[in-house]
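Q: Sequence:
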Amino acid sequence: MTHHLVPVDSPDDILQSYRGTPIESLLRYHNLAEPLPPSTGHAHLLVAMCMDHRKELVIPNEFAYVLRSAGGNLRDSEFEVAYAIAVGGVDAIALLAHTDCGMSHVLSKREPFIEGLVQGAGWTPESAAEHLDDDAHRHRIGDAVTFVVDEGARLRTLFPAVRAAALLYRVDSDRLTQVADG
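Note that the sequence shown covers residues 3 to 184 in the numbering used here.
It is worth saying that the hints were derived from the structure and are not from the lab.
Using N, Cα and C, we set each Cβ at its ideal position, and we do this for glycine too.
Cβ pair distances, simulated, as ranges:
#, residue 1, residue 2, range
1, D145, P39, 35 to 45 Å
2, T4, Y85, 31 to 41 Å
3, D145, H55, 14 to 24 Å
Input sequences plus hints: build the corresponding full structure.
A: Listed below in structure tokens is the structure:
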């Protein structure tokens with residue numbers, strides 16, 4: 003299946019399926035500079051995004067649970083997702099992949115990864131290589147857009163009553179883009 007990117011430059015650009023949901027609010031706050039209330043009083047949304055330092059969302063205080071992980075990957079974080087739904091009361095998840103994600107091509111960073119752990123963390127080269135070999139495959143996401151769409155489908159299977167929106171954060175413009183089928 004092919005996917006196309008739908009920018010959000012006006013309220014009319016927001017996909018119909020997101021209207022009236024916390025996903026619409028996220029897009030309005032972040033992309034359209036809608037005024038932020040001082041607080042929303044409780045979380046309305048779970049945001050899953052990469053730990054990358056180049057991304058910062060414009061959202062009100064208390065609006066969202068935010069989980070950051072390598073590549074925005076929620077594998078092994080299903081309990082946190084369940085908590086946000088069951089105890090936090092959220093009924094929507096915004097899955098944010100981003101452009102220029104290191105986890106898209108983490109396996110190509112073997113030498114800098116090993117050298118960085120040796121120099122920065124005091125590891126032996128052998129331990130650093132073993133760590134990469136053991137764990138990189140779980141964190142590698144490949145193509146960011148394909149990953150975020152697939153992760154949304156996986157989460158909808160686990161939590162069928164919860165809306166999971168696939169979004170792409172463009173690092174060069176700090177804008178969110180919707181990922182649509184078709």
